[in-house]
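Asks: What follows is each chain in one-letter form.
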Amino acid sequence: MHVSQTRDLLSGLLVVEIGCSLRAAFCGKLLADCGAEVVKIEPMDMSAQTHEGERLWLDAGKRSVMLDWRAAPAVEVLTRLLVRSDVLIEDQPPGALAARGLSPERLRADNPRLVHTSITDFGSDGPWMQRPATDLIISALSGMAALNGLDGRAPLREPGSQTYLLAALFGFIGTLTALINRDVTGRGQHVEVAALEAVASALTPYFLRASYQGTPQRRRKPGEDTLMRCRDGWLSLIPYSDRTWEALIALYGLKVNPNDPYFATEQQRRANIAQIREALSPVFAQRTRRELFEQLSPLRVLCGMVMRPDELPNDLHLTERGSFIRHSPTNGSPAGTLPGPGFRVAGDRPVASPLTALPEPGVDLNVALSHIGMTPKQAGEEERP
Amino acid sequence: MNARLPLEHIRIVDLTQAWAGSYATQILADMGADVIKIEARSRPDPWRGGYSASRGLSAYPADGPGERPYNRSFLANSVNRGKKGITLDLSTERGKAVFLKLVQIADVVTENFTPRVLGNLGLSYERLCEVRPNLILLSMPAYGLSGRYSPLSGIGGTIEPMSGNCWLLGEPGGPPQTSGVMYSDAVAGINGACAVLAALYHRQQTGRGCHVEVSQQEAMIAMLGEFFARGDPEQLDRQGNTDLQMAPHGIYPCADEEWLAVAVRNDEDWHRVLTACADTPGLDNMRFRTAAGRRQHRAELDALLESWTRARSARDAEAILLAMGVPAARVRRVDEAAHCPHLTARRFFLEDQHPEVPGRHRTAGIAARLSETPGQVRGPAPRLGEHSRYVLATYLGITDAEYEALVAAGITGDAPPEGVA
Chain A
1 MHVSQTRDLL SGLLVVEIGC SLRAAFCGKL LADCGAEVVK IEPMDMSAQT HEGERLWLDA
61 GKRSVMLDWR AAPAVEVLTR LLVRSDVLIE DQPPGALAAR GLSPERLRAD NPRLVHTSIT
121 DFGSDGPWMQ RPATDLIISA LSGMAALNGL DGRAPLREPG SQTYLLAALF GFIGTLTALI
181 NRDVTGRGQH VEVAALEAVA SALTPYFLRA SYQGTPQRRR KPGEDTLMRC RDGWLSLIPY
241 SDRTWEALIA LYGLKVNPND PYFATEQQRR ANIAQIREAL SPVFAQRTRR ELFEQLSPLR
301 VLCGMVMRPD ELPNDLHLTE RGSFIRHSPT NGSPAGTLPG PGFRVAGDRP VASPLTALPE
361 PGVDLNVALS HIGMTPKQAG EEERP
Chain B
1 MNARLPLEHI RIVDLTQAWA GSYATQILAD MGADVIKIEA RSRPDPWRGG YSASRGLSAY
61 PADGPGERPY NRSFLANSVN RGKKGITLDL STERGKAVFL KLVQIADVVT ENFTPRVLGN
121 LGLSYERLCE VRPNLILLSM PAYGLSGRYS PLSGIGGTIE PMSGNCWLLG EPGGPPQTSG
181 VMYSDAVAGI NGACAVLAAL YHRQQTGRGC HVEVSQQEAM IAMLGEFFAR GDPEQLDRQG
241 NTDLQMAPHG IYPCADEEWL AVAVRNDEDW HRVLTACADT PGLDNMRFRT AAGRRQHRAE
301 LDALLESWTR ARSARDAEAI LLAMGVPAAR VRRVDEAAHC PHLTARRFFL EDQHPEVPGR
361 HRTAGIAARL SETPGQVRGP APRLGEHSRY VLATYLGITD AEYEALVAAG ITGDAPPEGV
421 A
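Keeping their order, the protein sequence lines are chains A and B.
One point on numbering: in our numbering, the residue at position 175 of the first sequence is 175, and numbering is uninterrupted.
One point on numbering: in our numbering, the residue at position 32 of the second sequence is 32, and numbering is uninterrupted.
Simulated from the structure, these hints should not be mistaken for laboratory data.
We treat Cβ as the ideally placed atom computed from N, Cα and C, and that holds for glycine.
Take the hints with a grain of salt, since some may be wrong.
To be verified - So, partial list: chain A residues that the calculated Cβ filter (under 8 angstroms) puts toward chain B:
1) Asp8
2) Glu54
3) Leu56
4) Thr134
5) Arg209
6) Pro339
Unchecked claim - Just a sample of chain A residues kept apart from chain B, beta carbon distances all over 12 angstroms, derived:
7) Pro73
8) Gly101
9) Val256
10) Ala271
11) Ala279
Chain B on its own, in the form it takes in the complex:
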């Protein structure tokens, strides 16, 4: 157990839901921030999959949704580890009063509603600063706080197309695609963590808080900078696995129905490929001698390299090219990557143990490693309202009788509302 975590002096009151916002605050929780995640009992985080399993998110463990499916979703449990979870109905005056008391002792508030929501609740940044001067507020609306689309909701499946990523993702000549995983949420989440950290650093220097925003659309657009930088319309078609500079550069089929990624960075790599693939006629053609030539004859080159990969297993092909020093890798599925010998040797993975999910579950660890005060994951994702009583009593001095009255009024608690399946 570390004596000190780098952000252990920071408290975050977290209203975010689903992936992007929850991931932002999970990154900060991993670094030691005390994150209090707030959900409404009437409307829990959608990544819990609802109170019954009928929404069909298919997010439950192999043994099924169980009695409390909302505590067993891999989605919610993957991005809320190490947080405290409470329920609070912000649409009631009493709920709001409790919330403002929490804000009073917080450094940061985070939210990813559409821009009108906080204001409609009477909880604008200005109002929050009345109870906690120099507060940092992170807002993560799909399209930002301003502009004509700002009132609209969005998710990864709509942000990726609106940012240009879909247009570029896909096979050359084929239709555009969304990523397999609503990946723009992860990008927005990481940007959210960046925004909070920059604001915290600034506050520590100046004493001033600020309102920072992540437009999830802009966060994704920022990942495509090289396409705007190049400004060549011909390079704005579906990319497949081609690269603007390197060739050959692709993922090729092998004899065992697996795939091999190969990237030739420069002429040295190309000479290594020629040595490794000496049994493939045509590769030594002078047309391929320079990087420009290889880019120009990319399709021909890909076909030749594919004839070489198709003649051997992905593992053999990877070993041959790696032995020559060529960047090559058999494509790993996530379940294989989870047992990657390199990441295992580096003790990157975590074994998540959740009280409502049997077993130990391997998941990704902390990507930014600090030598002196490393982050640390402090427990699994909270069950619905798991820390409601604890946080209200310990942080705000609310008595048991007051807590029970709030539960009876439906404002907080650790269970779905009465009558909900």
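So here's chain A without its partners, still in its complex pose:
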């Protein structure tokens, strides 16, 4: 018998999340998407300051406990909760938790099976440990921004806060690796992910290139991109292979001698991409993205439509796959259409359910306390209905 739902993968796992940025929040979300019980510790009611849609994206399916872990009574509650937990995910500045008696050593002394994952900008040592940073700064320092954009123009970060999401994904990788190893050794451990290192890892081929060739990859010149203008937008076309080139000539009657030394081989076509774009541009200008995509794709020509993000939730392919989770107020969540996880059990369709509803801030204190056999009164908190 095989598992059928992504939410089955990590069911039974108890995770505490103490976050101050996307790094911990997105890692906790990945764990919750796989069915872990994720208890999000929030120092105060952040709901007024956080966009409701963002909370739905990051916190749906988690439990919310309001607890100021910087105050002594709350540290006691948290310590007891962590004794019962499998995982702590946190992204506090280096030393901040230790200053409250929650160092990795102390936590693992209390609970040798705990996997404690710290996801910071720069890690817990090194000259930049305390350097102020954001996603943009990590993008600039890692080499990522210098690869994006056009030659002579400003380097570009990837849209949004993707360096922090990469760090969160590596947080998930480290956490799960430590959990798998715990089954062998019986012991948890501390996992450390620095966002700067996560992004450098994602760029591994370009680090090796810089060393092999003595020169880094430079930003493109205008016209070197694969994107081509068509009637209603852009299409990305990879025109280099023999098969693709022959298909383009046959389909569109290009006025190019196939034996022209500029275009005869893949190598020459790569070198002469500007002329290829010029030859194709009148053909593309008359056709829509979808016409071109549906004409070329079945011929195994590599191409992709430039889609607006707001087109995606209603795209037929993605609808057929259930790629987006549609939250409706009837599920106990605010309305919203959000991307599902980046991986899933084959055949599963992630859907909104009471299990994936957005918790009301702080509503789960009683549940968290029940894990450790305490009442709200003992914890110095007011009872909630």
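Chain A is fixed; fit chain B onto it per the hints.
Replies: Frame of chain A, contents of chain B only:
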């Protein structure tokens, strides 16, 4: 040398190629998994650049493609370290039989073909589970295993546009762009490693395997969650380096043709900027006093800050702002990042030594650091078929005579097929 690596009890039979899939299994190999990478001699991993250098991938070391260019591509060598490499022709019955014997002793099989390929080879998940019950299979097709586009091939240059990333990447008012590096492959690869680990954890708890999939398109869409979360069509234009919340937030030109990234997180940062840039008239305008005001007057603010950065070198500007506690960084190229003092002090980098590439080559190390059983890179990427004889003999008990017969039949080996340049 570590006594134990965290995944050393896991064996992966790896059919993935190019970047995304190979990177997924490299992350697991770094953690100790025994990864056996399988290629066909007739059709090696395209990231090797083919048997001759004529495809023009320009992926070779500075001293050229050499006699065996397929062993010298930085692309293939960057995402296959620590794996064993064998060749096997899965289109033959004998090749398939060897493959199924390997599956029998594997925990995980990984592949990034289009969905029809494994089935056409007679190697569906159900078939694989007949020889290895509770196997984990990772499939990483461009568009997933279902839906109308699932039969289509894709690469980073087509996934990025189809996921919305291209639409958002570019200068405000300018055309969309693909990333400089087919970055969606890296995203898919990391998600592939996540999927395998979640499935492995589940199997250790329940004894049950499963088939997990990464749609490379969905993995990239998942990175854009904040744009869907905000749901404001006005925020769905090209982003440049702007942020939905922070302003100023950008990469500004400096006097020395270098660039400086600056991010103002809050009012405290803004007051620090005002102190650091006190010689720039206009910055202290009351319009910029609140975060909302700074967002509203973003363009004006960017022009003022740029007038300040243009008057000094990126290094000086970085030092001034950092001294005040403002997040700022001169933009580093990858070759500069490779000598980053911080990452060097943290011993993050590796010195890759490949038998067919002279010298030691600095590359990125392991991003998830475990305190008790850290990962470890165990050697460079395999040469074509480097471990064919070893794996077949040691793992499957195939004799030398049987191995030579398989080589003669073109099913395995450690060289290109006869007659191929």
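Asks: Is the nearest CB of chain B more than 12 angstroms from the CB of A:Val256?
Replies: holds, 18 angstroms
Asks: So is A:Ala271 really clear of chain B, every C-beta pair being over 12 angstroms apart?
Replies: A:Ala271 is in fact no farther than 12 angstroms from some Cβ atom of chain B, at 7 angstroms.
Asks: Is the shortest C-beta separation between A:Leu56 and chain B less than 8 angstroms?
Replies: holds, 7 angstroms
Asks: Minimum C-beta separation from A:Pro73 to chain B exceeding 12 angstroms: can you confirm that?
Replies: At roughly 29 angstroms from the nearest Cβ of chain B, A:Pro73 sits farther out than 12 angstroms, so the non-interface label holds.
Asks: Would you settle whether the hint for A:Glu54 is holds or violated, based on the nearest Cβ-Cβ distance to chain B being less than 8 angstroms?
Replies: holds, 5 angstroms
Asks: Would you check whether A:Pro339 satisfies its interface hint, that is, whether its CB is within less than 8 angstroms of any CB in chain B?
Replies: holds, 5 angstroms
Asks: In terms of Cβ atoms, is chain B entirely out of 12 angstroms range of A:Ala279?
Replies: With a cut-off of 12 angstroms, A:Ala279 remains clear of chain B, as the shortest Cβ separation is near 19 angstroms.
Asks: Would the hint on A:Thr134 be counted as holding, given a Cβ-Cβ threshold of 8 angstroms to chain B?
Replies: holds, 4 angstroms
Asks: With a cut-off of 8 angstroms, does the beta carbon of A:Arg209 approach a beta carbon of chain B closely enough for the hint to hold?
Replies: Interface hint status for A:Arg209: holds (5 angstroms vs cutoff 8 angstroms).
Asks: Any CB of chain B closer than 8 angstroms to the CB of A:Asp8?
Replies: For A:Asp8, the interface hint holds, since the closest Cβ of chain B sits about 7 angstroms away, which is under 8 angstroms.
Asks: A:Gly101 clear of chain B by more than 12 angstroms, beta carbon to beta carbon?
Replies: holds, 19 angstroms
Going down the numbered hints, you'll see the structure goes against just number 10.
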